[in-house]
Amino acid sequence: MSNILVSSTEELAEVEYLLSKKMPHYRQAYSDRTSWLMACIAELSYLKFNPIFKHKEKEYLVERVASILDQHKMTPLLKLIKSFEYDPEEERKKLEENADFLQMELKETFDNDGVQAILLESDTSIILAFRGTEPNSINDITTDFKSSTIPCKSGGKIHSGFSQAYDKVAVDIQIALDKEQAQHKPLFITGHSLGGALATIAAKKLTHTAGIAACYTYGSPRVADRVWFSDMKTPLYRIVNAADPVTMMPTGDELIGLLAWLSKFIPYIGDDIRNTLLSRFSGYYHGGDMRYLTNCPQGYYEDVKLLYSVSFLFRVKAFIVKKMPWSKILTDHSVEIYRKKLKIIAYNRQCKNTQ
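When we follow the working numbering, the leftmost residue of the sequence shown carries the number 1047, and every step to the right adds one.
Quick caveat, the hints were computed from the structure, so don't treat them as lab data. Careful: at least some of the hints might be erroneous.
Cross-link-like lysine to aspartate or glutamate pairs, in silico, EDC-like; alpha carbons within 16 angstroms at most [to be verified]:
{"#": "1", "residue 1": "K1398", "residue 2": "E1135"}
{"#": "2", "residue 1": "K1094", "residue 2": "D1157"}
{"#": "3", "residue 1": "K1153", "residue 2": "E1167"}
{"#": "4", "residue 1": "K1199", "residue 2": "D1213"}
{"#": "5", "residue 1": "K1251", "residue 2": "D1224"}
{"#": "6", "residue 1": "K1068", "residue 2": "E1167"}
{"#": "7", "residue 1": "K1068", "residue 2": "D1169"}
{"#": "8", "residue 1": "K1398", "residue 2": "E1348"}
{"#": "9", "residue 1": "K1153", "residue 2": "E1142"}
{"#": "10", "residue 1": "K1398", "residue 2": "D1349"}
{"#": "11", "residue 1": "K1094", "residue 2": "E1167"}
{"#": "12", "residue 1": "K1140", "residue 2": "D1169"}
{"#": "13", "residue 1": "K1351", "residue 2": "E1167"}
{"#": "14", "residue 1": "K1094", "residue 2": "E1143"}
{"#": "15", "residue 1": "K1067", "residue 2": "D1169"}
{"#": "16", "residue 1": "K1279", "residue 2": "D1335"}
{"#": "17", "residue 1": "K1094", "residue 2": "E1136"}
{"#": "18", "residue 1": "K1153", "residue 2": "D1224"}
{"#": "19", "residue 1": "K1094", "residue 2": "D1169"}
{"#": "20", "residue 1": "K1199", "residue 2": "E1180"}
{"#": "21", "residue 1": "K1068", "residue 2": "E1057"}
{"#": "22", "residue 1": "K1251", "residue 2": "E1226"}
{"#": "23", "residue 1": "K1214", "residue 2": "E1151"}
{"#": "24", "residue 1": "K1140", "residue 2": "E1151"}
{"#": "25", "residue 1": "K1094", "residue 2": "D1133"}
{"#": "26", "residue 1": "K1153", "residue 2": "E1226"}
{"#": "27", "residue 1": "K1067", "residue 2": "D1078"}
{"#": "28", "residue 1": "K1094", "residue 2": "E1057"}
{"#": "29", "residue 1": "K1094", "residue 2": "E1137"}
{"#": "30", "residue 1": "K1153", "residue 2": "D1213"}
The calculated label-pair distances, taken between Cβ atoms and stated as ranges, are [to be verified]:
{"#": "31", "residue 1": "Q1210", "residue 2": "Y1063", "range": "37 to 45 angstroms"}
{"#": "32", "residue 1": "L1353", "residue 2": "I1221", "range": "22 to 30 angstroms"}
{"#": "33", "residue 1": "E1056", "residue 2": "D1146", "range": "17 to 25 angstroms"}
{"#": "34", "residue 1": "Y1354", "residue 2": "K1139", "range": "36 to 44 angstroms"}
{"#": "35", "residue 1": "S1276", "residue 2": "P1343", "range": "34 to 42 angstroms"}
{"#": "36", "residue 1": "N1158", "residue 2": "K1225", "range": "41 to 49 angstroms"}
Keep in mind that this is a model prediction, so the values were computed, not measured. All C-beta atoms in this analysis are idealised placements derived from N, C-alpha and C, irrespective of residue type, glycine included.
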């Protein structure tokens, strides 16, 4: 088995201890162990169970390019294609093995036009996890940069890219949840990064006979405005790690309002720019109950703390204290770091409660 959730025998013992404890499955309040477990599943959703090429797409691509390039220039292209290839069957096997390690069974996978999700089942619940942004996926990158808002049928405004991405798998997921064998256990929803945004939308739009217990997101960007969140019934827990920059995107009302005000002073086109900014890019709001994971030296997370609420300026400070280069800040967005920190918090809290 290729276990991606533990890296040492000590960590294995801690994880097995947490798994030996019964997870709260109808509990709506935030749970440290559930948060860690959802982070594990969010990480598993990144395993590439979906083929990179469907049907004969690869052969068609090579043939088309070969008709344009000579053989000498084809060699680097074929090497590039090969570097992106992987075995989806091996990845799916790894997914099933790691799910089994978490005492769960993989029930279904979803894959449509660059959007992926997995559905797992435990003894007490059903878990839906959405895959986050993949750096080599053009569809994911395009989705992230579609930051304009559009009206939502349920009220309020929502990120256009996230909404369109969710719609690609929404019907298939709802059909899976409506199956008889899935109807009698509560549903948890989770996701990291883009997956967190999709999980947030799913928490509002999906229906499930046994109810949606909670939604846990990690490193999620902003999704919609206050009106859209106002009738959210599912408990939504938004976990933010230290200086994770994605959690501050798209830009909130403060910066958009400032840019709109400054644009008034631009001759001729200022009013048009201001109206566009306010109508298409303003209103983003971070809904949900936030939990903040404190800064720690890279690789040393034993002193991590879980804070219930911090100010925007407190989070901006995390950017300043990070060492250069700025690329190091992106490590705070890693789902692996979220999972490792949450495991320490869950383990320490559980041990403290049993003393």
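In this structure, is the beta-carbon distance linking Q1210 and Y1063 contained in 37 to 45 angstroms?
-> holds, 42 angstroms
Holds or violated: K1140 to D1169, with C-alpha atoms at most 16 angstroms apart = violated, 21 angstroms
Quickly compare the C-alpha distance for K1153 and E1167 to 16 angstroms and report which way the hint goes.
-> Holds. K1153 to E1167 sits at ~7 angstroms (cutoff 16 angstroms).
Given the hinted pair K1251 and E1226, is their alpha-carbon gap at most 16 angstroms?
-> Violated, because 20 angstroms separates the two Cα atoms, which is more than 16 angstroms.
When you check the alpha-carbon spacing of K1140 and E1151, does it fall within 16 angstroms?
-> Holds: K1140 and E1151 sit about 12 angstroms apart, inside 16 angstroms.
Within 16 angstroms, alpha carbon to alpha carbon, are K1153 and D1224?
-> holds, 13 angstroms
Is K1094 close enough to E1057, meaning Cα to Cα at most 16 angstroms?
-> violated, 25 angstroms
Is it true that the CA of K1351 sits at most 16 angstroms from the CA of E1167?
-> Answer violated: K1351 to E1167 is near 30 angstroms, above 16 angstroms.
Would you check the hint for K1094 and D1169, treating anything up to 16 angstroms between C-alpha atoms as holding?
-> Roughly 26 angstroms separates the two Cα atoms, so the pair is violated.
Pair hint K1094 and D1157, alpha-carbon separation not exceeding 16 angstroms | holds, 10 angstroms
Restraint check for K1398 with E1135, where alpha carbons must lie at most 16 angstroms apart | Violated, at about 42 angstroms.
Quickly compare the C-alpha distance for K1279 and D1335 to 16 angstroms and report which way the hint goes.
-> This hinted pair holds, its Cα atoms lying about 13 angstroms apart.
When each numbered hint is compared with the structure, violations occur for hints 1, 11, 12, 13, 19, 20, 21, 22, 23, 28, 30, 32, 36.
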